[in-house]
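Participant: Take the sequence shown: its letters are residues 1 to 449, numbered as in our numbering.
If you are wondering where the hints come from, they were derived from the structure by calculation, not from laboratory data.
Being a predicted model, the structure only gives us computed values, none of them experimental.
There may be inaccurate statements among the hints.
Within a straight-line C-alpha distance of at most 30 Å, the following computed DSBU-like cross-link-like pairs (lysine-lysine) qualify [stated by the list, open to error]:
| # | residue 1 | residue 2 |
| --- | --- | --- |
| 1 | Lys205 | Lys156 |
| 2 | Lys314 | Lys329 |
| 3 | Lys308 | Lys336 |
| 4 | Lys363 | Lys389 |
Pairwise CB distance ranges (calculated) [claimed, not checked]:
| # | residue 1 | residue 2 | range |
| --- | --- | --- | --- |
| 5 | Glu277 | Asp231 | 16 to 26 Å |
| 6 | Asp392 | Thr82 | 49 to 59 Å |
| 7 | Lys239 | Phe116 | 37 to 47 Å |
| 8 | Val174 | Glu88 | 30 to 40 Å |
Note that CB positions come from ideal geometry on N, CA and C, so glycine has one too.
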Amino acid sequence: MLPLKRFESFIKQYTLFDPADKVLLAVSAGRDSVLLAHLFHHSGYNFAIAHCNFMLRGAESTADEDFSKELAAGFDVKFHSTKFFTAEYGSNHHISIQMAARDLRYQWLEQIRKEFDYQYLAVAHHQNDTIETMLLNLTRGTGIAGLHGILPKRDKLIRPLLFLTRPEIDQLIVSENISYRDDASNESTKYARNKIRLEIIPKLKELNPNLEETFEANRRRFVDLEILLNDRVKELKTKLFNEEPSGEIYIDLAALQKLHPLNTLLFNLFCPYNFIEPVLHDLVRSWNGQSGKLFESATHYILLDRDKLILSKKIAFDSTETAIHQEDKEVVWYNKTYYNWTISASVLQLQRTATIAQLDAEKLVFPLNIRTWKAGDYFYPLGMGGKKKLSDFFTELKIPLNHKQNIGILVNGNGDILYVDCYRIDDRYKVTTETKKVYIFEQQTSYGK
Numbered sequence: 001m002l003p004l005k006r007f008e009s010f011i012k013q014y015t016l017f018d019p020a021d022k023v024l025l026a027v028s029a030g031r032d033s034v035l036l037a038h039l040f041h042h043s044g045y046n047f048a049i050a051h052c053n054f055m056l057r058g059a060e061s062t063a064d065e066d067f068s069k070e071l072a073a074g075f076d077v078k079f080h081s082t083k084f085f086t087a088e089y090g091s092n093h094h095i096s097i098q099m100a101a102r103d104l105r106y107q108w109l110e111q112i113r114k115e116f117d118y119q120y121l122a123v124a125h126h127q128n129d130t131i132e133t134m135l136l137n138l139t140r141g142t143g144i145a146g147l148h149g150i151l152p153k154r155d156k157l158i159r160p161l162l163f164l165t166r167p168e169i170d171q172l173i174v175s176e177n178i179s180y181r182d183d184a185s186n187e188s189t190k191y192a193r194n195k196i197r198l199e200i201i202p203k204l205k206e207l208n209p210n211l212e213e214t215f216e217a218n219r220r221r222f223v224d225l226e227i228l229l230n231d232r233v234k235e236l237k238t239k240l241f242n243e244e245p246s247g248e249i250y251i252d253l254a255a256l257q258k259l260h261p262l263n264t265l266l267f268n269l270f271c272p273y274n275f276i277e278p279v280l281h282d283l284v285r286s287w288n289g290q291s292g293k294l295f296e297s298a299t300h301y302i303l304l305d306r307d308k309l310i311l312s313k314k315i316a317f318d319s320t321e322t323a324i325h326q327e328d329k330e331v332v333w334y335n336k337t338y339y340n341w342t343i344s345a346s347v348l349q350l351q352r353t354a355t356i357a358q359l360d361a362e363k364l365v366f367p368l369n370i371r372t373w374k375a376g377d378y379f380y381p382l383g384m385g386g387k388k389k390l391s392d393f394f395t396e397l398k399i400p401l402n403h404k405q406n407i408g409i410l411v412n413g414n415g416d417i418l419y420v421d422c423y424r425i426d427d428r429y430k431v432t433t434e435t436k437k438v439y440i441f442e443q444q445t446s447y448g449k
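Just need the whole structure built from these sequences, with the hints factored in.
Facilitator: Dropping the structure here:
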C-alpha cells in the first residue's frame, strides 16, 4: 500500500504546498520520480508532468520520454517535454555533462512553471540523496549549509519524497507493481555521486545499519544550527553595517576584529556579497596596517580604511559615452543627474564647490561627452600646475578603485578633459577676467569621495 498518510503528513509538516495548488512534477521515468507521480495521483493533488530528454542515450532516451508521456496520459494530466543537445551545451560552456544536464533541466522546468502558472516545482529527491549530498559536500569542503544537504523546500522548489529512504522506495515499487525505466548510467562509478552511492554508503551501512535515520537526525540538527548562525549574523549586520546615502556600507573595524569565532562569522557576513574565504583571509592579514588596500569579489569591493571597512557594489560601467548638446538642460549618466546652462560672466558668482564646474563657454566645442576614465587620459588640473595623467591624479588624491569607476569625466568636443566630476576642472578652461560667458555643469546628487 502506498504511504499516502505519511506523504500528506510530510507535505503539511513542511508546508510544501496547499492542496489547491498546481504542482509541476519533474519525471525522468526512473523509479523515484514515477513513485512521486503515483503518490500525487492517489492523493488527489493537482499536478502535471514534465520530462527532459537530454539525448545522451539514443533510443533509451526516446523510450524514457515515451514512457513519461504515457504515464501522464494514464493519470489524465498535462504533459510537457523538451529535448536538449546536452553534450554540445556542456562542451560550449566548459562544464561536465552532469552539470550541463542539471543547468538545462532547472532552467527549462522553471520556465514551464512560470509560463503555465504552476505554484511549485516538485523533484523526487529522497533521504539517500541527502546523505550523498552531505558526503559529497564534506569531501569537497563546505559550510553549515552544505552539512544539512537537501532541504524539503526552497522557494518554489519542493521535495515531497524526502520522507522516504531508497530501500523503502525499492520495496514500494515491487509491492505496488509500479512500472519504471532504469538508467544504466546510474550504475557507473565514474561520477562522484554514483561512487558515493555504490561504494561508500554500503561501507558506512556496515558500521551503522540505521544510516538513513542517523543522517536525517543530523540534518535536522544542522538546519537548527544554521538558523542560529543566521540569526547571529543578522544581529551583527544590524549593529556593524551602516549604510550611507551613497549606498556604501561602513563597518567598524575594531568591532569586527573582536568577533568570535572570527572566520565563521566573517564568511557569513560577507558571503552574500560573493566574497570567498581566501580573499577574507587576506583581509584579516592586512587589517592591522595596510590602510587603502582594496579587496574584491565578482560583485563588490571592500576598501580597508584606517578605522573601518567600506563595502560598495561594483557598477557595470562600459565605454558608453553620453552626449551633451548645447541646448540640453539635464543629462542622466548612469546613477547621476547633471544640470547644465550658460550665463553671462558679469552675473557669475564663482563657486568652489566640487560638484559644480564653471567653465569658459566660448572655449567649448559641442557636443560634449561624459564617460568613465580611460587608461592614458590626462588633463591640466586647476591649481596643480602642468599636465597630469588621470591615473596619477587619482593615486595622489588616494581615490580608491571602487570610486574611480564611478567618476564622470566631462570631455570637450575636441577631446580635452574639462572636468573630473567632484574633484577638479581643467586649468585651460577656467573662468578668467577675459571670460564673457560661463558654462555651468552641476551634479544633482554627489556620492561621497
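Participant: For each hint, tell me whether it holds in the structure or not.
Facilitator: Results for each hint:
1. Lys205 <-> Lys156: The hint is violated at about 33 Å.
2. Lys314 <-> Lys329: holds, 29 Å
3. Lys308 <-> Lys336: Between Lys308 and Lys336 the Cα gap is close to 26 Å, so the pair holds against 30 Å.
4. Lys363 <-> Lys389: holds, 22 Å
5. Glu277 <-> Asp231: 16 to 26 Å: For Asp231 against Glu277, whose Cβ atoms are near 22 Å apart, the range 16 to 26 Å holds.
6. Asp392 <-> Thr82: 49 to 59 Å: holds, 56 Å
7. Lys239 <-> Phe116: 37 to 47 Å: holds, 45 Å
8. Val174 <-> Glu88: 30 to 40 Å: holds, 38 Å
When held up to the earlier numbered hints, the structure conflicts with hint 1 and nothing else.
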